[in-house]
Amino acid sequence: MTRCRHTGWLRVATRDQTCIMEGSDRAQRLLDSLPRPDSQYPSTLVLIGNATKRVAMQRLGVDITRPNTTRSHGEIHLSIAPVGASSARPTLVADADIPPHKRLGRPRKSTLCHEVVARQLSISHGESIPSAMPSTAVELGDHIYNRMLLPFADAVCFFADDIGGVEAVAQRLASWLDQSAPSTSLVRPWLVVVVNGDEEDSTRSRLLQSVRKRTLAHVSERFHGVRVISLADKTPKSLRRHLRSLRWDILSNELSYMTETKRVERVLASCLFSATHLAALLRHAAEHVGDAGAPPLDFLAVSRLDNPVAADLPAHLARFLTHCDSVDDLKRFAVPVIASSFMLDHYPPGMH
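Per the numbering used here, the sequence shown starts with residue 1, numbered consecutively.
Since the hints were made in silico from the structure, they are not lab data. A few of these clues could be false.
[To be verified] With a Cα cut of at most 20 Å, we get these calculated EDC-like pairs of lysine to aspartate or glutamate:
id, residue 1, residue 2
1, K102, D25
2, K102, E167
3, K102, D16
[What the hints assert, rightly or not] Ranges between beta-carbon positions, derived for each pair:
id, residue 1, residue 2, range
4, H323, D178, 50 to 56 Å
5, A294, S252, 57 to 63 Å
6, R15, E115, 17 to 23 Å
7, S245, S340, 54 to 60 Å
8, S180, S87, 32 to 38 Å
9, R119, R214, 29 to 35 Å
10, T69, A315, 55 to 61 Å
11, N307, K213, 43 to 49 Å
12, T69, L300, 34 to 40 Å
13, G225, F333, 43 to 49 Å
14, S340, R15, 48 to 54 Å
15, R106, D201, 40 to 46 Å
16, Q17, A339, 53 to 59 Å
All residues carry an ideal CB built from backbone N, CA and C; glycine is no exception.
Could you put the whole structure together from the sequences, leaning on the hints where they help?
This is the structure we're talking about:
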């Protein structure tokens, strides 16, 4: 893995009364540093919180150390979990926070070890951010997380007590749901809410009820399912250390199960990407996250940006089909040839 200790990838800041997005090459360098990026297919785990999140990351083998200890609104850091980093199924960990303050930071000083590009968030109707995008720091962070995390995530884990409780989680979820769909993909991540107390079923019901009070959109529009996991410690002191460790094991096992189910789903949907392709898609998404009125991320369209479909393809196919004199010719010859051409992505005139 890279020796650089910086883990920051995206960060929103203010400069000269405008909002900018600072994007580093962290994603590219991190994924390129895997042993076999062309044949390794990462799962993406999103963790949102601070103190409890850090414990969870430590259990994944990822330590948050200086200079990476704080997170602002809309700030995303990336790491690779050491366990499985050499396997075909590494885990990319994206972590963020929703701090209690309502402000954005100033631009970071440039570093020698990372390329950082600052882009002004698109201007619409004379504003420094698009009119469809809320202007508060918290809601701007919601926009970044919705556009940059949900399309790639296999599981999104909120540590409720870190960010103000279940009601705060519901507020952020409602904000995400009220925004436009982040991608055209039908693969939706799992939603996990970790609490340090309370009963899991009642907390889940309270969470969903609170979301319904804030938006007409349903959680199922963006998430495959909702799971609340309690780390509550209500056992005798003599058993607490063992049982609290057990609760953490339950969380870890649940996240592993969720990422594995999403992996299978992505295979079936043809959107399980190698580390090389994932890095390119993340780079494209980061370059357009602030565009006013940007359409949802379309993985297929992005993959063909450098190899667009020929503009004359319909005319070429029509000319080709004129050589078929019967339905039998269509079934036995034309359809297989066209299908093979599409599958091989190779259909210039004269190929066949």
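Okay, the hints, checked on the actual structure:
With a C-alpha separation of about 27 Å, the suggested pairing of K102 with D25 is violated against the 20 Å cut-off. Our distance criterion of 20 Å between C-alpha atoms is met by K102 and E167, whose separation comes to about 17 Å. Between the alpha carbons of K102 and D16 the distance comes to roughly 18 Å, so the proposed pair stays at or under 20 Å and holds. For the pair H323 and D178, the beta carbons lie near 53 Å from each other, so the given range of 50 to 56 Å is met.
A C-beta distance of roughly 36 Å is found between A294 and S252, which places it outside the suggested range of 57 to 63 Å. At roughly 18 Å, the beta carbons of R15 and E115 sit within the given window of 17 to 23 Å. Hint check: S245 to S340, Cβ distance near 55 Å, so the stated range 54 to 60 Å holds. A C-beta distance of roughly 36 Å is found between S180 and S87, which places it inside the suggested range of 32 to 38 Å.
At roughly 31 Å, the beta-carbon separation of R119 and R214 lies within the given 29 to 35 Å, and the hint holds. Between T69 and A315 the beta carbons are some 59 Å apart, a value that agrees with the proposed interval 55 to 61 Å. Between N307 and K213 the Cβ separation comes to about 47 Å, which falls inside the hinted range of 43 to 49 Å. Distance hint check: the CB atoms of T69 and L300 are about 39 Å apart, consistent with the given range 34 to 40 Å.
Look at G225 against F333: about 47 Å separates their beta carbons, and that is inside 43 to 49 Å. A C-beta distance of roughly 53 Å is found between S340 and R15, which places it inside the suggested range of 48 to 54 Å. Roughly 44 Å separates the CB atoms of R106 and D201, a value that falls within the hinted 40 to 46 Å. Distance hint for Q17 and A339: a CB-CB separation of about 56 Å, consistent with the stated range 53 to 59 Å.
The structure fails to meet hints 1, 5 from the earlier list, while all remaining hints are met.
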